Every structure is written in structure tokens, then in C-alpha cells.
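Just need the whole structure built from these sequences, with the hints factored in.
In the order they appear, the protein sequences are chains V and P.
So that you can map any letter, position 148 of the first sequence is 148 in this note's numbering, and since no number is skipped, the others follow by simple counting.
Numbers in this note's numbering are just positions in the second sequence, counted from 1, shifted up by 592.
Cut-off 25 Å, straight-line C-alpha distance, at most; resulting in silico cross-link-like pairs (DSS-like, lysine-lysine):
id, chain 1, residue 1, chain 2, residue 2
1, P, Lys646, V, Lys272
2, V, Lys492, V, Lys415
3, V, Lys358, V, Lys424
4, V, Lys202, V, Lys492
5, V, Lys358, V, Lys415
6, P, Lys973, V, Lys153
7, V, Lys334, V, Lys128
8, V, Lys156, P, Lys973
9, V, Lys170, V, Lys153
Listing some non-contacts, in silico: residues in chain V with all C-beta distances to chain P over 10 Å:
id, residue
10, Gly169
11, Lys286
12, Leu583
Computed footprint of chain V on chain P; a stretch qualifies when at least three of its residues, placed anywhere within it, have a C-beta under 8 Å from a C-beta of chain V:
id, region
13, 937 to 944
14, 972 to 983
Calculated directly from the structure, the hints in this document are not laboratory data.
Since the model is a prediction, treat every value here as computed from it, not as a measurement.
Here a beta-carbon is modelled for each residue, glycine too, at the ideal position from N, C-alpha and C.
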Amino acid sequence: MTTKKTDAIVIGAGWAGSILAKELTEAGLSVTILERGEDRATAVEGDYPTSIDELRGAIRHRLFQNLSQSTVTIRNTTDQVAVPYRRLAAFLPGEGVGGAGLHWSGVHFRVAPDDLALRTNVIAKYGKNFIPEGMNLQDYDVTYEELEPFFDKAEKVFGTSGEPYTIKGKVAGTGNPFAPDRSDAFPLPAMKDVYSASIFKKAAANVGYHPYSLPAANASAQYTNPYGVQMGPCNFCGYCSGYDCYMYSKASPNVNILPALRQDPKFTLITKAHVLKVDLDSDGKKATGVTYLDLRTNQEVQLKADLVIISAFQFHNVHLMLLSGIGEPYDPVKNTGTIGRNFVYQTITTSRAWLPSKQYTNLFVGAGGAGVAIDDFNSMNFDHGPLGFVGGSPVWVNQAGVKPIAAAIGGPGGKAPTWGEGYKDAMVETYRHSLTIDAHGSNMAYRDIYLDLDPTYKNAYGQPLLRMTFTWKDNDIRMNQYVVSKIEPIMKELGATRYALGTLHANDVFDTRRYQTTHLGGGAVMGADPKTSAINRYLQSWDVSNVFVIGASAFPQGMGYNPTGMVAALAYWAAYHIRTTYLKNPGPMVQA
Amino acid sequence: MKHCTFSFTTALGAAALLVLGHMPQARADASADLVAKGRYVAEASDCSACHTIKGGKPYGGGMEFKLPIGSIYSSNISPDPAHGIGTYSEAEFARAVREGVRKDGASLYPAMPFPSYARMSDSDIHALYIYFMKGVQPVAQAAPANGIPWPMSMRWPMIFWRAVFAPSVASAQKDVNRTFPTPAIARGAYLVEGPGHCGACHSPRGIALQEKALSASSGTAFLSGGAPIDGFVPTSLRQDQRTGLASWSEDDIVAFLSTGRNLKGESFGGMTDAVYHGTQHLTVEDLHAMAQYLRSLQPNSPNVAAWQYDPAAATALQHGDASARGAKVYVDHCAACHRTDGHGYAPAFPPLAGNPVVMSDQPDSLVHVVQSGAALPGMTKAPSAFVMPSYSQMLSAQQIADVVTFIRGAWGEQRLPRRCGNGHQPAEIRSPAGAGRKTRSAELNQRQRKVSGMVAGHRKAATDAQKETGAGSSPAPVLI
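Pasting the structure below:
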């Protein structure tokens, strides 16, 4: 049988997998990435003008998961029968080299430090009874100070553009005053504010809020990162989310890490390799490697390794743990087990302002990561006491570039006619003269919101699908309504001719048919207590110590910020501790 | 589903085993050093650019050189006794490399740059021989037979060509040993004039396609720019203003040779192969030596004024005036990367302003790049790959003629070449070689395969594309 093996297997070639593979090869390990999708390199498939075909791209889902092979089932409540998610809509997991890191938009936040210990902070400020019944509020068991060097490293690898507020405790710029202190400046200056963002900035400041330019992993100038890879500058073409970036300016594993990694003889990338399970030894305490299906030959292959990194998309991580028997599946009735527990999302609604006809917003212009935001109602930046909910939302104008088909599908909005001349006039008005403001909010974890294996449906390989049980809860609906009410003064200040506020409503249920966000989280969360977390503070499985699970699956709550910056920092944080501690003395790094 | 078990050995380990397994009789250490030296000489000589096809086995030959009278193919120079050079003695090997004579006495076509290799030292030839015999795996496959019909296939007239145009080893070696200002420049001259065979492309050729000068000692024609190859015009490597390297610093040259890009430009065409297979592997010391030597070459056209940036075109575009011929095409298709001021965003996207390619009085390279695009693969020291798209399907011949006229008028040779009259005409914009009536998607696929073969580790077959397009063909003109 197997006489040789790779030192480390990395499952998934997205941001988390590429970072771990880079770090582990730097540590001298032979590393194999198994990626179930196609190989992708921006200079090959992502070049101009091949990449900017909207029909083939965002509409026909070129870079997204092929649901005909495997998907999830979804239900709102435990008394329903879940059905398969057959058409991509509410969320868009990636597939192929780069993963969701290839089709993301590029908003690149750090973390609101209060969010890392949200349970501790809420209790300290408002008391234990403030936490609603059934909400699993938890801490990450890692601090911002511990993660800061890794946020810094990730920004330098990504070529992130941004304006700092404080660096080493001193005010250094006009960035977000709620942002945590930084050890260094952003590698590139902030992206320019497009017109809609610039007027939002003025209006928000006039209302008394604290607007700042978004940190964006869209390069504001040409850049060479620490791995020697080169980026071009963003030209605001608007083809970010859903596309590879033909200007090489939106950070992706494909542009920022893999070109360097592919040159390393210790690195192997195997594509069209669908991992079926992580193989465990007889007592289930140690992984011996993985079994994957070679999708080209339809043969199962066993690959042995000392270390297995599960770094696929959030819910694929959870799925693979459940299929492999790593950790105890979560049981919402008994409230036991951790795998599938604390499945979270984000609470996002969009409001729109129409401006006078002499003001052109030109929605086709844009950059996925750029814009102007306020953090006045995010995290614990405001007093929740009289409001009676946990969580918050940044609010922003993030004009990411509205492509023509998407604009037509979205329609003119408001109360416009649905056909004829009135419709056309309204479309033109919306496309040229409107702007949108998002409340991009947190989503808390609840005892009856979770992931488990579906009892009925199976994927193309005969394995049970992952089942999502998810809907909106009162706490998050009220949070959204409160934050959206704070947008209204901005609308007035903007001089909008009319505006429409988008909010969740009481008793709204999760609607899978409408795109909301791909920012899914949790299900294999990090924490200090193995009874309520699947992985420890180093993202190491409590149950199988040579398995690390990297990604947004580690988030105990859905945060208001976009997750990629946090995922990258956690990946570098875990990699650092694997390199400096685990590899010298393999075994549990935290005693349960 | 069948069940099998997969095991991994690192590629490095496997390669080491193969090398060791091939030389049990030799003293491993000394031989390993010599093999390593020989590998370096092979890289400095750019052997694999012609003798290894993309996706093929190292030094298995088979690269096609398309000539009007038929195709010839590079030979298998692996140590396979039947199909390669396994039975060559060192003397026979040296004679082939330096004098262009096969073991059987037949003449090599001067696609093989033996007039330059004649300058290679005995010690380098020895190392090269040891490397090919002990450091290269035998490839048991014959290169395709040459497709030149009789009587043109007869090689004996080459004897006379060699007698007239190829230097004897003795005279070449004497020239190598001429006096240089510094040891570094001497080393640089050796690399550029000898193994590097830069003149094969960058020097003009005479009536019999012989290089008009084979070294800096034989006049300023040497490296003063060559005839078009595959539609690209090799620029002057001398200190010529505008069309030469006068504006490039030593570090600019070193960066270009080690990564195929610098703040002044990016490689394309055959030069990309030369960097990818050859110069990127050279030591920093050797690259500086080459740069110092090149910077010591006096201009071939000394009376050309230095280039000055003219902001007129950029000012017009930035004020919304795209009325100049080709300006609108430029703004729509080129400016995103190369900017309305022509400065580009180097090193990702090269500048057009000040670029010798734009200032050349021959528009061929510019036209060809616009038509066919260009692919810069990742290099060891600059792992990013970049592509310039092919516009042959997106723009009409008229539009390409217009935009080339605009670019050259805005940032190039202000005196348009005589044959262009008032600008470039569509008739000049030929179909790219081999493109024929292929569909857009077929061409895209072909181009993508070509690029993907050059992206390190991006595993897609490039061989077919290359054969179809003749893309990786000779960096040297072929005597017919």
C-alpha cells in the first residue's frame, strides 16, 4: 500500500487553503492542495476581455459551485422538511482554484475587537439577562492584539488600499475612528471615492456620523507583494464580484499567492479532486489522510498525510467534518455536540436614494471593495441598553459596478411601472441618478439554527447533503430596523428626490430565492470550551488534533463586517502556531 | 469505483535519483559540480528554447521552424544513442556546437547559432557535454523528419556558407580574448556574443542571411537591431537613443533579463522564450556583466536626439478630445492599462511612451502585438503572468491601423516612416500567421493553451497550440 505520503493535505484552493499551503511549504513541508473544481489562473481564463462577459459570468455562474453535483438542503424551522438549493440565488459559493476568493468583491476589513469577545462584553455592559433566550452568544478566545500582526500580513499580501485612523496609538489619517489600532499603514492609499460615495461621505458627516473610505483589496496603484507577485491598479470597471479581475488589481489567491506557490517544488495542486472524507485511525483520534474522488477518472484515491487542513468554503468544512466523524454532531434538542452548532449568516438590506437629474451616479462605474461607510451603528459602538438587541451594522455606499443584465433584472426599483415607456424612463433614472445604501449587519447564533446531515437527499457521490435550518430571528430583525432608521437622516441630507428604505420585517423568513450575501459563517466555531466549540483558539480540532479547520466556519457569530479579512488573519494566525508550536510537538495545542 | 492508493515523492527527489542513477561510474561530487556547471552553460546558451518543445521532454527536439520551402525541426540533443547525441564524443559534440558540423559530417542549418557558439570556451563546452551526457535523461523519440524537398534539402552547399560566414573556432576564441576595460565587461561580452547568441536576432543580416557583425569588435552593426522574426522586430541593444537601450540603466537591463519586465517595458515574442528558458536562470553577477557590456556599446545611429515626452496627446484625451485618428480606439481598448498618458502601470502594464518598440521606424512589432496579443509567463523572481489580449477579432484592420498610427504619433517616432505616408493603412494589417478563418473561440482556446503552458504549474497541454501557430518558433532566422 502507501509507502510515501505528502506531509500536509490542504482541502480547497481558496484564500484559507492557499495561505496555509504557502505557509506550510515555507516551513519545509510537502503540501498537496486538493481542489474539486477547475484550475484557474487570471492570465489564462481571467484575461481581458474573456472575463468580463456578464452572461457567462455572474448570470450563468461561471465561477460558482455546480449545484448539480452537490448542494445543501434548506428549511426555515425544525418542523419543516428541507429541500435542495437547486438554483444559486441567496448565496454563491465558489468552485475551482481561488474559490470564493476569486469571485469576491474585495471589501477587506479587520475585525471590530468587541466582536471577538461579544458574550463577555455584552454581559459586562448589560448583564447576563440581556442575552435573549435561545441565543448562543460566544467568544472567539482570541484577542485583536494577538491577531493584529496577521491582519497586517494579510493586508500586505492582498495589496489592500485604505486610510488608517491610528497607527501605534497615534492618529495617522482620516480613516474609521472606530477601527482598532494598527501596527502599520495600509500598503496602498485608499481607493478614490466614486461620486455616490463622496456625497454620502459629506451627508453622513453633516448628520453627525463618522464616514470613512472602505478598506479595499482592490489595488489603488500598481503593487508588488511580499511574495513578489505583481498587481495592476483598479480602473473602476465594475467587474469584481462574480469575476476574475483582468486588471490583476482585485486580490485573489490566483493573483496574490498561487503564482509564487506554484513555483515551489514542495507544492502540488490536484484539481478535479472531490474530497469524500478525512480518514481517521481506528480510535478516531488522528487523521491518516483523506479519500478523494478523482473527477476525471471517477476513481477513489487515498492520500496519506500527517496533517490535514480543512479549508474549503464555510459549509463544506462543516459537511466534511460530519461526513468524516470528526467531533460530535450538534443536537439542538439535547443541546450537545458542536459540529453544525452556531450556524450564522448576515442581516443585509439595501435602501435607495434617487438624486436630481443633474447629478450622475452612473452605476456602471465601480469597484467591489471601494466606497464610504460609517461604523456608528456597528458592533458595540453604540448603546444597546435601551434598544434591547445584540449586534449592529456598518452602513455604506459600496458602488461596486452594476452590470447591464443585473441592472435589468434588478429593475428600476421603487414604484416604477413594470413595462413600457414609464419603465424605461425609470430604468434610466435609476441607472444614472440613484445610489444604494446597505445596512450590512451582524447575525447572532441560535440554538435551533444549525447545520446537520440531511436524512433524505444525497449528492452525486452518494453522500448525504448538508442540511441548513435557518431563518431570521427577532433580535436581528429589530437590529436591522433600528440601523436602517438611522439611514433616513442621510437620505434627507443627500437631497434625494425620493428614497426607499429596505428593512427586514417582523416574522420575515429567510428567502433563498433572493441574493443576500455569501457571508455564511459558523458551524465549526472556535472557542475556549470544547462543549460549545469545534476547534480551539488555533483552529485545531478538539477531537482530532492533526486536523485544522480554517475559514468563516470558525466564527461564533455573523459579524457586521465582510469576513474575508478575518478569514485571512485567522489563516495566518493558525499557520503561525502550526509552524512555531505544532510541528515541533504535534498534538493538542490547548488542553480541553 | 475502483480503489487505489496514491503516493508522492517530491519531484526534486525523483530528479535527484534519476541523475544519480545515470552516473554510477563517475566520481559523484566532481561530476555533479560539472553537471551543474553544464546546466548553467545550457541555460546561458538558451538551448532549451529551441530543443525542448512546451509540454515535451527536455531536449527531445521537435520544434518546428517554418520556412518558405518547408519546415525543419530542431533535433533531439538528449543522450539517447539512437535518436539523440548519445554516441557523440566530446570532440564531435564540440564540432557540432561550435562549427555546425554533425557527427556524420553533414552541415547544420544556421538556425543553430554556431557562429556565436564558436566563441564558447573549451571548459564551457566540456561542462555542457558532461551535462548533456549525464544530467539529461535520454529521450527515445525521433524528431520529425525535415520537410524540405530535394534539391533544397541538400546540405552540402552549407559547407561554402560556413567557409565564408562562420568564424573558425581559433579566430572566434582570439576575438573573445581581446582587451576589455574591465573583467566584468569581458565576461558580459563573452555571454552576449557567445553562448547568449543575442546577435542571432538583434544584429542585421546580410545578403546570405549571415550576421553582418558577430561581435562588438567588428563594427557598430553588431546588435544594432535585426530583421523581423515571426512578425517582431528585434530592437537595437546598443546605446542608440529612442530605438536602443540608451535610456535603460544597468539595473533596468538586469531586471529585464531576470524577469522579462522592468519599469520601461516587457518582453514579447521570442525574447520571452529567451528570458524564460535562459537569462532568468543566470546569476546576478553575470546579468550585471551583460548589462555593463551592453551599456559599453556605442550607438549605431549617433545623431539621433534623446527622446522627450510630449504631453500633447494625453492633454487632448484628458480634455475629452478623441478626434485624432485612432484616439477613440485607443481610449476604448488600450487606455485602461496603458493610460491616456501612455505611461502604463509598469511593471504590470508596460509604458508605450518612451518604448523603443513604439519609436522603431518599423511598426511590425506594435502591429503584431496589437493583433496577436502577448503572454508574459511568471518567472522565478517575478511569478506573476500577464497577458495582452489579441485584438485581431475585436478590431478591424482599419481600427488596428488607426490605433497603431495614434500610438506612434502620440508617443513614438514623430516622423512617420515613409512607407506609411499619412499613417498606417489597413492593407498593412495582415492576418496573424496561421490564424486563417479560425473561429474566435478556437483562437482564444489556442492562445489560452499557449499561455497556460507558460504559467508555472498550470497544467494544460500547450503542444498542439504551439504546433498550430508556430508560436514557440525560432529566435534565430533560418538560412534557406
